[in-house]
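Quick mapping for you: the protein sequence lines, in order, are chains A and B.
Last residue of the first sequence? That's 1029 in our numbering, and every number before it is there in order.
Last residue of the second sequence? That's 10454 in our numbering, and every number before it is there in order.
If you're looking for bench data, these hints aren't it; they were derived computationally from the structure.
As the structure is a prediction and not an experimental result, all values here were calculated from the model.
Think of the CB as a built atom: it goes at the ideal place given N, C-alpha and C, for glycine as much as any other residue.
Careful, some of the hints might be misleading.
Claimed, not checked - Footprint (simulated), chain A over chain B, 3 or more residues, beta carbon under 8 Å:
#1 10013-10023
#2 10086-10099
What the hints assert, rightly or not - Simulated restraints on C-beta separations:
#3 10231/B / 844/A: 50 to 60 Å
#4 10180/B / 694/A: 30 to 40 Å
#5 694/A / 10280/B: 31 to 41 Å
#6 10280/B / 588/A: 17 to 27 Å
Said to hold, decoys possible - Some chain B residues judged to face chain A by a derived CB distance under 10 Å, without partners named:
#7 10033
#8 10041
#9 10042
#10 10104
#11 10107
#12 10244
#13 10249
#14 10430
#15 10440
#16 10442
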Amino acid sequence: MVRKFILALGRARRCSPGGGAALILLCAFGSAAAQEPGRLIGTVSETVSGTPRASVAVEVEGLGLSALTGADGSYAIDDIPPGMIEVRVSVLGYAPLTRAILIEAGSTAVADFSLRISPVSLDALIVTATGLQRRREIGNATTTLEAGRLMEVAAPTTLTQLLQGRAPGVQVRQSSGTVGTASSIKIRGNTSIGLDNTPLIYIDGARISNETLSGPQIGGQTTSRLNDLTLEDIESIEIVRGPSAATLYGTEAAAGVIRVTTKRGRTGASEWTFRSELAGSWDDTDWPDVVFNPALFFGPEADTLYRMNLLRDGTAGEGTFGTPWRTGIDQSYGASLRGGTEGTTYYLSGELGRREGTLPNNGSTRRSVRGNLNLHPSENVDVAVSTSFGSTAVQLPLNDNTTDGYIAAALVGFAWDMPITRDDPVTGETGIQTCALHYEASRALNTPISSIPFLGLPPCAETPFFSGHTFEDVASVENTQEVERFTGSVTVDYRPRSFLTASGTLGYDQFSDQTGTFYPVDPSLTFGDLSLGARSINHVVSRNLSLEGYLAASFDLSSTVYSTTSLGAQFFRTRTEIAGAIGRIFPAGPTNVSNALRTEGSESFLENRILGFYLQQQFAYRDRLFLTPAIRVDESSAFGPNLGPKVYPRVMTAYVISEEGWFPEGIFESLRLRMAWGRSGKQPESLDALQLLEIRRTALRDQDAAGVSYEGPGNPDLKPETGTELELGWEGELAEGRVGVDFTWYRQTTRDAIVRRSLPPSSGFPESVATNIGEIRNQGMELALYGLVWEAPSLRWDWQLTAATNRGRITRLEDPINFGVDLRAQRHQQGLPFGAYFSREYVIGEGGEVEATEEPVYMGHPTPEYEGSISTTVTLFDRITLHADLGFAGGHQQFNSTEEFRCGIFGGGEYGGTCDAIFARGPDGEPTDEARRKVAAATDTEFGPWIEDADFARLRTLSLRLEVPDGWVSALGASRASVTLAGENLALFTKYSGLDPEVNAAGGQQDIRVDFLTLPPAKRIASWISITF
Amino acid sequence: MMCVTLVACEGILDVDTSGEIVPDNLDDAGPAAIPTLVNGMIGTFNTAADEVARYAGLLTDELILAGTFPDRLQVDRRRVLVSNASVTDDLYTPIHAARFQADTAVVLFQARLEDPVFSEVAEALAEGIALGRLYGGYTRIWLAELFCWSILSGVFPETVPSLPNPRMEEALVFLEEAEALAEAAELPEVRRAAIVGQARALLWLGRYGEAAMRAGQVPRSFAFRAEFSNTNPDQYNRVYAFTWGDTEGIRWTIGDGTSPARGNERWEHLNEFRELNLLRIRPPGFTSVAGTSVPVVLQLLHNRAESELVVASGIEARLIRAEAHVRAGETTAAQELLNDLRGDFSARVSARWGVVIPTPEFALDPLSLTGDLAVDLKRVADERARELWLTGDRLTTARRLRLDPAVSIDLFPPFKAGGGDDVAFPIVLKELQNNPNLGLSQACPAGQEPGAWH
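Chain B on its own, in the form it takes in the complex:
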């Protein structure tokens, strides 16, 4: 009887959930919801790109820790624990969220392509699908470049982790599909970003000729950017936020080697960058959350909340071509490409970052390659370090060259006391504990442990 009464009174239990967004809201919106989903996918990807730049920078000393928190200190000391909360929440999770959002959106959009109700938004659907594939490709590139191995669940579930090379092959497939979709949808920027991504994947896979060929299709002026905004801290460029202390305390800085408590780390290119006016050394009024004992050196690339982050560019394409030329023994061609970039570097960054063009004595002069593979590759890497600074490239380049048996160039910073030799991130504990296809010992392939993630 009481149950019957309860059923009769059911309306009395209706509550107002209009403050929340539930799937029904999207269904009710119909075609109008498509741009919203596309925007959500873009925003999720931009956040992940930003985090990649921060953590890749921290592991390679583009940034050093200026905060007190031990978990980020682990990254700075290259001895990352699988339980590391910062890596889990700020790097691993955003990359997978961006991948999941992209893969899911593609499935949703494809299902609506044939639905006449959605014909009015056919263009948005096509753009969404192309972007989804592009983001799916780039997130897979990150998984390959940053992690010792990786595993997916959600739209494309896997039962075993995938090593970096197979993951990169998979990324290549996604990006080729993205290129085709973008071409069909007349989205030239997306298409070029897909091509640069393919070149980047091929470079990792050691298919240098193909990489150069793809990269050659992209004009020098091209740039595909993750955009940010100063409207709301949610939209801030987080490299900026955490190094300039806008909404957060300053937790990262550029190492200038003057902090005894921090082990005197010094960014390899500190002097060069300072002479090019890309850094501001210890400006007054900027202190880290750890106090004055960790001097703050401001980077000027991400110098505003809305500073864009370049995800793919014609500059990167040229650097890829330069490396391919070096590896093919085509020293002159490589040298020409690099000197072409060096020639207007200051003018470009001045226009984009607003920095003062350096005095002639510190301007970039043309360089000469030697014909020695290792020396010249290091030189290309130095050019990448400057051109692609704080975009997440440093870890990729450093790892790729170190793992390359032909040269074994070590661009990672020297060991720090109490540190390790991690050159990649592990699958995090939260994944190991909650993914039924993984065990706790599968953070990285067998033989690797904290301090030796490869």
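Only chain A is shown next, with the shape it has when bound in the complex:
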């Protein structure tokens, strides 16, 4: 990447008559370099504080020489031809510096640099489809996250957590508190109705799987392949937002692109860095009571409410059953080595980590190694090789939409079975051990407790857990996933002529994923036939091959106009093979599927290929006004056979207006206006266009026979969705660079949106058909505000606000699509937001009675209309750093189905819901209006009262970081060391009454949104030490 970096600058600062004086000098000296070479050394630090900056790129322009600063901010570049050189120093988040330095033959020159913080620097380099470009040239909003700096003050455990709240418009929702599970990630809202809205992911130029719906069947939560990345290896992350920015990525990029760049080596002595982390997490949820109201069975005189709370204190009546919770302990150990020579640099790393969830059978173990190599075999060739291999093993608990889960067992438990000791209301016998149901039955029926079983009532259950599933029973079920993954890429940059650049990247990403679920052989367990042993395994192998390359030519068209033409091609192939087997009823002992009494197997595979070409033409006027039209043409194996190639155009422009002579001074240090319009696409699922039949196994004349039946009609006219976006924005620096502003307005429309249109069942086709019949529109604003409140040698205080609004509406959809809980809690419907909640609405009428609408009405939607974060960092004496990050979101609703289900279980008000809310009484002893509404809704099995506003703010991070004093570091022989203590998810502010406003029982799924017996995120304290030698 470093070499590409230099290449890009070479294009921008070319040797030409139109260049500046410094460049003329560079060209002149560059041609006379036949003497003994010189050396350049120095340090790079921050202004005012003087803190050394590591990993800063220091490069000699036009000569292909460069270095990265070490942990102490020092750098060294050898073999520099004598003469005047131009040195450029740049790193994300700071204004780059360029300085002319004289190198004398055989001597060492010293140049120290002091960088000024500048979050919106116009000359920052951005990774694009056509290589590195300066921000000033790009018409789209760009966000680059410097992962290393973020990781210094926060302790995210996954890539999605790292992204959460860091970039405006990137919406990350944490689906649960279960370690190892997926979060959903979207950029600029829901750009598709029927397809996944997860952005494409590239690592060092290789497109990788962005699967977020893998893992064993555990009730709803899924695992994400984005979690396979080792965060310590990430150098930076580029967020490519919206169709106009993603045009050159073609079909599939309409939901945006995330480009991850990993760390590279640096010229100089080897540098070791060790990192060790220890963390603890705990559940702090306010678990609701489970209530039994005997009046529901025995009439209003039986008015004693019985309560139990197995998750909070593990008790029910006089029974003590214990809670399932534990303190989850996380440990990780990592080491990296970086260094190199002028011709070769390397970065090697390894990490071992183990995380524990707060439930006993939840945890993950990760091992990863990475080797990145940069070669500079000749002056005009650079090669960058990236390789990583990792293994992830997760163990997941049952929860969410399964009756076999911890939370279901306790929150849907039967309080009428709670053990109590009472005096017999009929005989007067004292101290009888019974249960709430028998005692109340005895009172109501005036029958001795001992006679109750003879009335036909079942005996008191041994435990009050749902289905008798104790926490120990649930813990005995094993759900595992083991993933081994290789991701690699090779990028070759070749500059055959000064005006011509060629670049090609071969990327390959392969993972094998083995999931397994095992119910142990133990007839005493409460899982029915599964207690005789059940095992299911699933083996997925996914191979993703990406090939891309471009050719770029740059010319002066005149003394003020510069042209860059890029022609590129991209090929992507993904193939996924799945094989599974299920075995039921095991003898005690061996538990391979093959040892089961009943077995079955399955196999499938999917393949998809895309080929695309693009042409981009950039015109630059005086290096401040840029106009860039482009076009991309794609063909895909998933397109319908009746469809030809798909064309995506784009045009963008950027204008650094502050560099005009007439621009008034005093307000803006820099100001850039930008505009982009463009299209990109999203392709159908691999088999959507095909008419399919399915095997129908048939028993015929006492034998098994194979038949076929119709499954789906297919759609030969199926085409990709087309997202069109207009984006306007500006960014600037004010107050002498102490304030940075980045503002964007966008409006995007997805036409031909693919909708899985259900067919009338009378058609005979059970499956839906993918059809281009929808349209969805998103509009919003994004703001990133950076401020340096105070800057002095002993104190620096800065803050950052990211905020984004998003208003999405389905603007065309002939018939609503029902889905979600009971296939009716949510709808995609024209005129409404994506995934709108629907239910009959219950209100208290004038006469005090509960009235309900005849038909379901719109009750809200699950996608936040605004969200963002506020973070602040205070650095004292260059040694102590305090950091806080508060995330927020609002303007949306969440379906509290946990309470809806508990209030409605066994007929709700009629049969005895177990939620507290339906028994609420006002001061007059009568049910509250809310309770009456909930009773009515529970009886009707409707959702309205439980669709609640879900605005929230969460203190995501609070951390303290201490740089170890130099003397101590030197005594260890190290160059830098730090210790950090961070708290994650320490506080939640919300009026939502459910377990958590962010969770989703459907895991990484993006359309279904429901809080149903889902484990909320745990609180976490982490500490880590990092030391560099």
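Following the hints, position chain B against chain A.
For chain B alone, kept in the frame of chain A given last:
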């Protein structure tokens, strides 16, 4: 230029779809594909027959709910919403899939009858056509018997829903055609099944004499069965699977009236069935997914994954004749038919289900009819309840007798708290939303609403 390049590179986009079955595969197979299509039609029909037995049983308390899911609870409480996912996916859709598969196969097979390429499979084509018509007839019978009204799309599209009687008339036409085709193709079992189906349709239509006449053509020992297999859960008898908890949790059971949370539903014939050893009361080791509060009573008719489901039989034909005799005032003839069945009932079920023959005190004794139409029809219905238990007949019989103004016998279970008085299923929401010929208010004929589907 880029487009031209794309076209030139088209081979690079070829993907392997050999794991999927597409129509080309059948075309390529030619005559060899015919048995596969016939088998697919049979399998689809068998699945639908199975689901009919489950849901008809749930609406009439042959089964009660032992699971937690509200949508099936709606059926148990006889207050079915049009959005009910279980009714949509497990009942409505399989019936239409079986009908569509049968109707489509007949069209495909007829088109190939004259094709010399298919001459080698002429017999299979003929069998397929006869079976297709038979299944087309029976699926239409189900639509008439189970639903307040129904609509078709696909091979025989309709623009308005059809009430049960016209749908039954249509079924009759299909079954008469099936009888003729089966006779020509020398398929006696298919022919007899078609005749029993005709008798069943005629009974519904109140043409009792014709029904008896047709039923009289079928020998007592005849049985046309939907077969299942224990090889793969896809082929399991699903009544078995969902009441025995083999591959699924136990979600249905026979109500024994001991569950307070469930409203104490009790199957009307519980004692009689228990005394005949047709039930096992609360065996140890069997719990429903809702836990021990819903006791599980095992039914022994569908007691294995491969248990067959009788779709049409000589026994049913005799019961049809008995009812026709009762309605004609021929009490003695009806009584003889019924007592003939009662006489060897235990021996038959013992042979077929493997149950222990009851002790003499619980054996079935001959019955005496009274000459009172309503009383005797109820008695015939009781015989049907036992002989045709859990085959989907209960809802038909109960609905037919309740809708019959001459007797108005109500065999449906009493109202349950929070429930309704549905005696039929509606056209489901998925159909209403996606069929351009229907509006959302057309789930049932005007005047009916959830809780009052008739």
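- [ ] Identify whether the interface hint at residue 10104/B stands, where standing means a beta carbon of chain A within less than 10 Å of its own.
- [x] Since chain A brings a Cβ to about 7 Å from residue 10104/B, closer than 10 Å, the hint holds.
Open item on the list: Given residue 10107/B as an interface hint, is its Cβ closer than 10 Å to any Cβ of chain A?
Closed with: violated (12 Å)
Task: Status of the hint placing residue 10430/B at chain A (closest C-beta pair under 10 Å) - done: holds (6 Å)
Task: Within 8 Å of chain A (C-beta), three or more residues of the region 10086-10099 of chain B - done: holds (count 6)
- [ ] Hint says 50 to 60 Å; check whether the CB-CB distance for residue 10231/B and residue 844/A agrees.
- [x] 58 Å Cβ-Cβ, so the 50 to 60 Å window holds.
Task: Hint status (Cβ of residue 10442/B to nearest Cβ of chain A, threshold 10 Å) - done: violated (12 Å)
Task: Residue hint residue 10042/B, partner chain A, criterion CB-CB below 10 Å - done: holds (5 Å)
Task: Cβ separation of residue 10280/B and residue 588/A, checked against the hinted range 17 to 27 Å - done: holds (26 Å)
Open item on the list: Given the hint of 31 to 41 Å, is the C-beta distance from residue 694/A to residue 10280/B inside that range or not?
Closed with: holds (36 Å)
Task: chain A contact restraint on residue 10440/B - CB to CB distance below 10 Å - done: Constraint on residue 10440/B satisfied, holds at 8 Å.
Task: Interface hint status, residue 10249/B versus chain A (Cβ within 10 Å) - done: With Cβ-Cβ at 6 Å, under 10 Å, it holds.
- [ ] With a cut-off of 10 Å on the beta carbons, see whether residue 10041/B makes it to chain A.
- [x] holds (7 Å)
Hints 11, 16, counting from the list given before, are not met by this structure.
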